[in-house]
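Asks: I would like the entire structure built from these sequences, with the hints used as guidance.
Residues per chain, in single letters:
Protein chains: 4
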Amino acid sequence: MKWTTKITKVEPNHLVTKGYRQEDLIGNIPYPHVVYLLLRGELPSKEHGKMMDAILTACIDHGVTPPSSMASRVVASGGVPLPTAVAAGVLSIGDAHGGAIEKGAKFLQEGVTRMKEEGKSVEEMAELLVRESREKKKRIYGFGHRVHTSDPRTKQLFNLAEELKIARKHIALSKAIEKEFETQTGKKLPINVDGAIAAISSDMGFDWRLGKAFFLLGRVAGLTAHVYEEQTREKPMRKMFTVECEYDGPEERDIP
Amino acid sequence: MKWTTKITKVEPNHLVTKGYRQEDLIGNIPYPHVVYLLLRGELPSKEHGKMMDAILTACIDHGVTPPSSMASRVVASGGVPLPTAVAAGVLSIGDAHGGAIEKGAKFLQEGVTRMKEEGKSVEEMAELLVRESREKKKRIYGFGHRVHTSDPRTKQLFNLAEELKIARKHIALSKAIEKEFETQTGKKLPINVDGAIAAISSDMGFDWRLGKAFFLLGRVAGLTAHVYEEQTREKPMRKMFTVECEYDGPEERDIP
Amino acid sequence: MKWTTKITKVEPNHLVTKGYRQEDLIGNIPYPHVVYLLLRGELPSKEHGKMMDAILTACIDHGVTPPSSMASRVVASGGVPLPTAVAAGVLSIGDAHGGAIEKGAKFLQEGVTRMKEEGKSVEEMAELLVRESREKKKRIYGFGHRVHTSDPRTKQLFNLAEELKIARKHIALSKAIEKEFETQTGKKLPINVDGAIAAISSDMGFDWRLGKAFFLLGRVAGLTAHVYEEQTREKPMRKMFTVECEYDGPEERDIP
Amino acid sequence: MKWTTKITKVEPNHLVTKGYRQEDLIGNIPYPHVVYLLLRGELPSKEHGKMMDAILTACIDHGVTPPSSMASRVVASGGVPLPTAVAAGVLSIGDAHGGAIEKGAKFLQEGVTRMKEEGKSVEEMAELLVRESREKKKRIYGFGHRVHTSDPRTKQLFNLAEELKIARKHIALSKAIEKEFETQTGKKLPINVDGAIAAISSDMGFDWRLGKAFFLLGRVAGLTAHVYEEQTREKPMRKMFTVECEYDGPEERDIP
Numbered sequence: 001m002k003w004t005t006k007i008t009k010v011e012p013n014h015l016v017t018k019g020y021r022q023e024d025l026i027g028n029i030p031y032p033h034v035v036y037l038l039l040r041g042e043l044p045s046k047e048h049g050k051m052m053d054a055i056l057t058a059c060i061d062h063g064v065t066p067p068s069s070m071a072s073r074v075v076a077s078g079g080v081p082l083p084t085a086v087a088a089g090v091l092s093i094g095d096a097h098g099g100a101i102e103k104g105a106k107f108l109q110e111g112v113t114r115m116k117e118e119g120k121s122v123e124e125m126a127e128l129l130v131r132e133s134r135e136k137k138k139r140i141y142g143f144g145h146r147v148h149t150s151d152p153r154t155k156q157l158f159n160l161a162e163e164l165k166i167a168r169k170h171i172a173l174s175k176a177i178e179k180e181f182e183t184q185t186g187k188k189l190p191i192n193v194d195g196a197i198a199a200i201s202s203d204m205g206f207d208w209r210l211g212k213a214f215f216l217l218g219r220v221a222g223l224t225a226h227v228y229e230e231q232t233r234e235k236p237m238r239k240m241f242t243v244e245c246e247y248d249g250p251e252e253r254d255i256p
Numbered sequence: 001m002k003w004t005t006k007i008t009k010v011e012p013n014h015l016v017t018k019g020y021r022q023e024d025l026i027g028n029i030p031y032p033h034v035v036y037l038l039l040r041g042e043l044p045s046k047e048h049g050k051m052m053d054a055i056l057t058a059c060i061d062h063g064v065t066p067p068s069s070m071a072s073r074v075v076a077s078g079g080v081p082l083p084t085a086v087a088a089g090v091l092s093i094g095d096a097h098g099g100a101i102e103k104g105a106k107f108l109q110e111g112v113t114r115m116k117e118e119g120k121s122v123e124e125m126a127e128l129l130v131r132e133s134r135e136k137k138k139r140i141y142g143f144g145h146r147v148h149t150s151d152p153r154t155k156q157l158f159n160l161a162e163e164l165k166i167a168r169k170h171i172a173l174s175k176a177i178e179k180e181f182e183t184q185t186g187k188k189l190p191i192n193v194d195g196a197i198a199a200i201s202s203d204m205g206f207d208w209r210l211g212k213a214f215f216l217l218g219r220v221a222g223l224t225a226h227v228y229e230e231q232t233r234e235k236p237m238r239k240m241f242t243v244e245c246e247y248d249g250p251e252e253r254d255i256p
Numbered sequence: 001m002k003w004t005t006k007i008t009k010v011e012p013n014h015l016v017t018k019g020y021r022q023e024d025l026i027g028n029i030p031y032p033h034v035v036y037l038l039l040r041g042e043l044p045s046k047e048h049g050k051m052m053d054a055i056l057t058a059c060i061d062h063g064v065t066p067p068s069s070m071a072s073r074v075v076a077s078g079g080v081p082l083p084t085a086v087a088a089g090v091l092s093i094g095d096a097h098g099g100a101i102e103k104g105a106k107f108l109q110e111g112v113t114r115m116k117e118e119g120k121s122v123e124e125m126a127e128l129l130v131r132e133s134r135e136k137k138k139r140i141y142g143f144g145h146r147v148h149t150s151d152p153r154t155k156q157l158f159n160l161a162e163e164l165k166i167a168r169k170h171i172a173l174s175k176a177i178e179k180e181f182e183t184q185t186g187k188k189l190p191i192n193v194d195g196a197i198a199a200i201s202s203d204m205g206f207d208w209r210l211g212k213a214f215f216l217l218g219r220v221a222g223l224t225a226h227v228y229e230e231q232t233r234e235k236p237m238r239k240m241f242t243v244e245c246e247y248d249g250p251e252e253r254d255i256p
Numbered sequence: 001m002k003w004t005t006k007i008t009k010v011e012p013n014h015l016v017t018k019g020y021r022q023e024d025l026i027g028n029i030p031y032p033h034v035v036y037l038l039l040r041g042e043l044p045s046k047e048h049g050k051m052m053d054a055i056l057t058a059c060i061d062h063g064v065t066p067p068s069s070m071a072s073r074v075v076a077s078g079g080v081p082l083p084t085a086v087a088a089g090v091l092s093i094g095d096a097h098g099g100a101i102e103k104g105a106k107f108l109q110e111g112v113t114r115m116k117e118e119g120k121s122v123e124e125m126a127e128l129l130v131r132e133s134r135e136k137k138k139r140i141y142g143f144g145h146r147v148h149t150s151d152p153r154t155k156q157l158f159n160l161a162e163e164l165k166i167a168r169k170h171i172a173l174s175k176a177i178e179k180e181f182e183t184q185t186g187k188k189l190p191i192n193v194d195g196a197i198a199a200i201s202s203d204m205g206f207d208w209r210l211g212k213a214f215f216l217l218g219r220v221a222g223l224t225a226h227v228y229e230e231q232t233r234e235k236p237m238r239k240m241f242t243v244e245c246e247y248d249g250p251e252e253r254d255i256p
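Protein chains in written order, with my numbering: chain W, 1 to 256; chain E, 1 to 256; chain Z, 1 to 256; chain Y, 1 to 256.
If you're looking for bench data, these hints aren't it; they were derived computationally from the structure.
Treat the numbers as computed from the prediction; the structure is a model and nothing was measured.
Wrong hints could be hidden among the right ones.
Remember, identical chains collapse to one label, so a pair may be satisfied in a single copy or spanning two.
Here are the simulated SDA-like cross-link-like pairs (lysine to any residue), alpha carbons at most 20 Å apart as the crow flies [said to hold, decoys possible]:
| hint | residue 1 | residue 2 |
| --- | --- | --- |
| 1 | Lys2 | His48 |
| 2 | Lys106 | Ser121 |
| 3 | Lys165 | Val112 |
| 4 | Lys235 | Thr65 |
| 5 | Lys239 | Thr65 |
Replies: Structure, rendered in structure tokens:
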């Protein structure tokens, strides 16, 4: 039985990750570049490294209300170690929370593949995809936000992608879909931060299966801050919410 | 019922973390500096920022055998989403795995406080602490490693701390303990990477309660890489180990 | 904002679950019946109650090697609280580990629906399903086991289902598929314990979405025993396996 | 490398748990008795089996507000598999949530040991323990509840313990402490359900280290019901609370 890995070679006093000695990476290669190395196998170009750094920062925190912060704080209030509470927040990263990066990236990557196969322009493909989604009543992932109509993170990420000359077909398709949606429906459905990361990471060549990983790797910093704040500022088992509960199960009754 | 937080203010199209607009942080402030901001409330000096970056990289990965990577890969093999498997690895970060940072930092911080209170030199305090620990047969956390006798990460972290002029009393005490242990016992018990981070983060002014957080925040990158490798390279429920099991419970018997 | 639940009404000194006062349930209704009540909304008949009890016991443990026990023990060895380590094992319950109950139950429930719609007999439907699965090269979930060729748990569960007169079309279809598979391929692919629970719970009227819940609710007992054994019998961070690792990533190289 | 376990022997078509063949346990031994077997190594007497069953039922659920149900529901709303969400709830079982069983049992077991060593009566020991706790301003675990002044579960559990002739010194000491607290302070601090389980499980001879296990093993049923209700009745990422947040971190400022 042998276990093969491309990640790290461990020998006494010698640690080699993706070919690089860890002591060479430490302090010489910025951590976000090392994250890129771990996910892609190669160190990033200067531009990709900067973009990766920006993506992680764009995911750090969104206050106490998202499922991940809430889960981390609620679990922390049970009186458990910091990593246990941070992990609880990570567990909530799912199809509905952060999941739009994965689904959005898959959608855009399939769209760009179809563009090539079907010889369509970005605009034609956007028109087609929006129409198909509306006909099948399927949600387009990475558009719309429950709080923001013009997400400041999206704008900054797209600006950087332009500036760093990373923007290619996936970003173009994403923006065309936003425009096309308004044309077809008269309603605005702006690209959200998940959608921006989906488009940018696709233009950087990332596998859509890593979609949730970007969110996770950035958000874990915010979750740690929430758990630390809960543990140092609040009492365990504090009353956290006023939830008005209504029980609509079976009427009170005797056991048979 | 009101919930007070010092982390992030969330308003429509406006996200302010520790006073800074997120769109200003993204792409302008390196992610490790943002992590520092989240944990300390202020952006780091250039030196502290560089040290924080190095600490995160020093924790990225140690191959497939530590409890965290093993837990992440085993859980991934059950056929679950990436964040679920990464979280399983985070759960294993405990008193025995990564926990020496927390315990070591607490030990050093209490030692430095005693130095001041008792008017002792670094060497006197080291002599006292090693003697006390040996008398109470208590382990000194952050020293010794099951694989490395001279951990390349430790050396590089301490070099950086010197170079960046971060090294103060906690690092000095840590090194004096290493020397004193050899003097008293004739045996080498070298500072490990956990011990180095404990000493350096203490000299940077970090609360020892954040000890496990440094490890977690760096290691989560390696765990993500392990889960991704498991999910894309291996089959679910693959046979992972040959564990020779011996059952030494009650003999086979009939139910009463 | 109101939160509606059919599970428990909580008032001072008064707890009503699915209509029954908790003090009436405690000691008067067997716990497996209470589990049934929680999942179905009504107390079981004597027969359903006994079957539920048997299903839970059939899931208790399969030694140290399945992902769930392994994850729990590995995480326990990191030095964390018992519930953290038990939860790590629960996390591994996924599409490939315990997941065959859910997928198998869905498959059987859809099969029985098609039988009615298409006016087919159990044998005709089994013939069709096995043929379709082979043509699409799709796995039939709930059949075959990596260790057992004749799982003693399966046999006992099916015997009980007969005895308690619970067996209906889903069990019949399941057995017909087993027979049909051998007819079409000449190979035996025996129903495993997951497949048995899938069939029986379907005949009891359970939603296939609860498939993983049966496994989880029974297995949590074994996981607790594993964590307790690890914590009381072994040292933290003990060397658990000899995993022979081969690093096949990039060759050792200098940073650019 | 050998791995020794007293839990289950796994051989092809042969599963032996604590000496008993699993096919013999399934349907013949009630699940709560099997849980007892897993934790103690022997099947319970009829009385212990019934008590174990009652303890599990006493822990099933306390509505949507405790950290465990809240964590499970919040994580479920992120769009993750059922076991992931159930595990999140399990993670919250900590020193402040369910933890009073462990701490209470340790306290009572140490108290009973001291009674023997110091030749004190139950009443003398209760007087001493309450006095010591008040002098050290230490909380006595297992007394008082944020909702109930007379917990119906406690009463029923103690009634059963009497009826089944399980009640011994730990229950006696627990009740004496309740009385003594009122004598010394004039305030009522009634034994809560955690305290009752602490006392009863101690009289049954259970290790206090298993304190959180009882709670976990019973509560997992309620958590499963909550996750299932959330997944089938609610939309992902629904707005769950109105939390009025106040940001009291640094004033909005420009990056340096």
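Asks: Hint by hint, which ones does this structure get wrong, listed from lowest number up?
Replies: 1
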